[in-house]
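Visitor: The residues making up each chain are set out below.
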Amino acid sequence: MSSFRLRPALLALVILPAVAGAADDVSGLRAELQALKSDYTARVDALEARIRDLEAASAVPAPEPAQPEVPAKSPAGASAFNPAISLVLGGSYTATERNPDDWTIAGFPPSGGEVGPGERSFNLGESELTFSANIDPYFAGVLTAAITGENEIEVEEAFVRTTALPDGFTGKVGRFFSGFGYLNEVHAHAWDFADQPLAYQAMFGGQSRQDGVQVKWLAPTEVFLEFGAEAGAGDSYPATRGAGNGLNAVALFAHVGGDVGDNTSWRAGLSWLDSEAEDREGGIADASGAALFETFTGNARTWVVDGVLKWAPSPRRQLKVQGEYLRREESGEIADGSGVLIADDYRGTQSGWYLQSVYQFAPRWRVGARYDSLDSGTPRYTLAPDGLLSSNPDRVSLMLDWNPSEFSRLRAQYDFDDARDDGTGLKDGDRVLRLQYLYGIGAHGAHKY
Amino acid sequence: MKNLLRLLVLLMCAGSLPAHAALKVLATTPDWGALTTELGGERVNVYVATTALQDVHRVEAKPSLVARARSADLVVATGAELEVGWLPVLIQESGNSRIQPGAAGYFEATSALKLLEVPTKFDRAMGDIHPQGNPHVQLDPHNIAAVAHALTAKLSALEPAQAAYYAARGKDFDARWTAAISRWESKAAPLKGASVVIMHRDQAYLCHWLGLNEVASIEPKPGVPPTASYLGQLVTKLSGTPPKLILLNAYNDAKPANWLASRVHAPAVVLPFSVGGSPQAKDLFGLFDDTLNKLLAAK
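Chains as they are written, first to last, in this note's numbering: chain P, 77 to 525; chain B, 25 to 323.
The set of hints was computed from the structure by calculation and includes no laboratory data.
Being a predicted model, the structure only gives us computed values, none of them experimental.
Take these hints with a grain of salt, some might be off.
[Claimed, not checked] In silico DSSO-like cross-links for lysine-lysine, where the CA-CA straight-line distance does not exceed 30 Å:
1. B:Lys261 x B:Lys245
2. B:Lys306 x P:Lys386
3. P:Lys396 x B:Lys279
4. B:Lys145 x B:Lys245
5. P:Lys386 x B:Lys268
6. B:Lys306 x B:Lys323
7. P:Lys524 x B:Lys245
8. B:Lys211 x B:Lys318
9. B:Lys138 x B:Lys279
10. B:Lys268 x B:Lys323
11. B:Lys138 x B:Lys195
12. B:Lys245 x P:Lys396
13. P:Lys386 x B:Lys216
14. B:Lys216 x B:Lys245
15. B:Lys268 x B:Lys216
16. B:Lys318 x B:Lys216
17. B:Lys318 x B:Lys306
18. B:Lys279 x B:Lys306
19. B:Lys48 x P:Lys524
20. B:Lys138 x B:Lys268
21. B:Lys48 x B:Lys195
Start from the sequences and build out the full structure, keeping to the hints where you can.
Guide: Right, here's the structure in full:
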């Protein structure tokens, strides 16, 4: 609007030279004055036109500012670069028919991890504390610490991953959940049941971690096609950390996936793990309960086939079906408790699988069922006692959970457990009820498929 | 044999001519997909991650999307944490450095906009609040115009050699869109001040644009489904002065809105919400045409 004030000033400029010119040689200057006049008139006309344009333009809503206004509070100073922090609070109430203290999986050597229903009554679960942020333009870092109910802090994952490698490559170094199979990488708070399938409990102690490196490559195809390789020290069962410089746990895996229509998606995978064990503790017992051996030194090769399918016919309903088959062959030396060699030609083959399905039937409700089955096989070695039996533990689990929001979950799970050892390597029945709570606070986590 | 050789040579040539290849764009919603197609024409190859019948808050980082992200030259997202539950994982798993947030191939529509409802208090007891403001921006056509300007600049920056092409398309879209806005605004004049009940905060920009008078929300708090007692309170509150319209989106559960509609004797209108949300909402123009037609028909 201030443009309007220019107009009288310009008119004055037009008039002033005209008055001054009249005092001098009138006839000589008249032509000059006329020229000046027409010049200024033209300029005034141009300015008036510009004013009209500006008026017209301001009637149309001005385009939105290029940058949003800064929200009320924006972090400043040293805290501006604080990592995203999230915390999961969880716990459960457990009721079992039999004392779970001596719970082991029938026919399988103890895998040393989280096996069985845990303690009775109320139990504080792991409180998962995660920090994550980009480190620089090339790397991002993540730490997930589990504060256990036993007042210990455990580093669940602590790794650095690349963000700037070209051509579909990503790398990880540090401690991380191994990328084989489907469920191994999934954090406990995102499980669809209160515990891991028996196959994972028996063969990996629940979840397999690597202290090592991982490289993944995603193919540039419309179908999801991913290949990964890992090498680690072997801290996680069935490997052990060796005395030497070796890499005792190596894993290779491939995943393929895609969509069927708008509502169905799937992923399938094949993984292979090569684990070296040195004086690994934990043997198996014969029918009388006597230990056949106490330690194992040798090699374990595990194959994992996994598949998951999700069908979401509406934003409020989803069906998820997943299953995995795991098979392990071990060969090496077995020894007794004092390190005396029992056999150097030990061979054992174990396998297990599970199939589970979870259906979200209402916006906040999900129901699920899972079947677990294991086959312990029988150990084969020179001078192995006759009549060793294989064990086939199995279990049926039913689950119902209620999710008041994305950040809270209450769950009931009932297990028809025919997996626990009766003391002679054979399975025995138990019934387990678990009521579980899970709550998340802090940064909004994003979950993997 | 000759033909086979010719085919082979052709295939090899096709592989070595990336300059003619279209930009691969992964758009998070059908609206940004439609806008990118308007602006990029045959120079863009757009893949849309979601449909209008999905809730964009609750999408998964599906393998098919990871595969698309792997090869994408550009991700067009809403931003303001709308896609926070899945897009970060998608980008992380993609192994594609070009589309990482902050890289040249990452675009957020909300970066070009001033958002409504920026909270001054951050507390999840208030429901699903978005710290940077309400991210459901697409139902105000002025927002589309502003995003179009920014997206044209982004496309030109990615392909500087094609800047003139993108500028021409951008100008053409702008002219058609500006004309459409004035058409819509004069057509929607009778709706101004109409009292409406909304379902979720994702209708806030529509109300803001049309000057609708929002009297209640079926969700007691953002993202929190209504309880029977809350709906009962709504009936008591609204039966004295029933609203003109009850608005819901194609992807919403229609039950609570229909129940309320029968109690307070106001029509429940299902709006497309996104491109593809109704048979008429084939593109962005259709989205607004159909939204206004449905509102005016129900009024």
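Visitor: For a quick check of understanding: which of the numbered hints are violated here, in increasing order?
Guide: 5, 9 and 13
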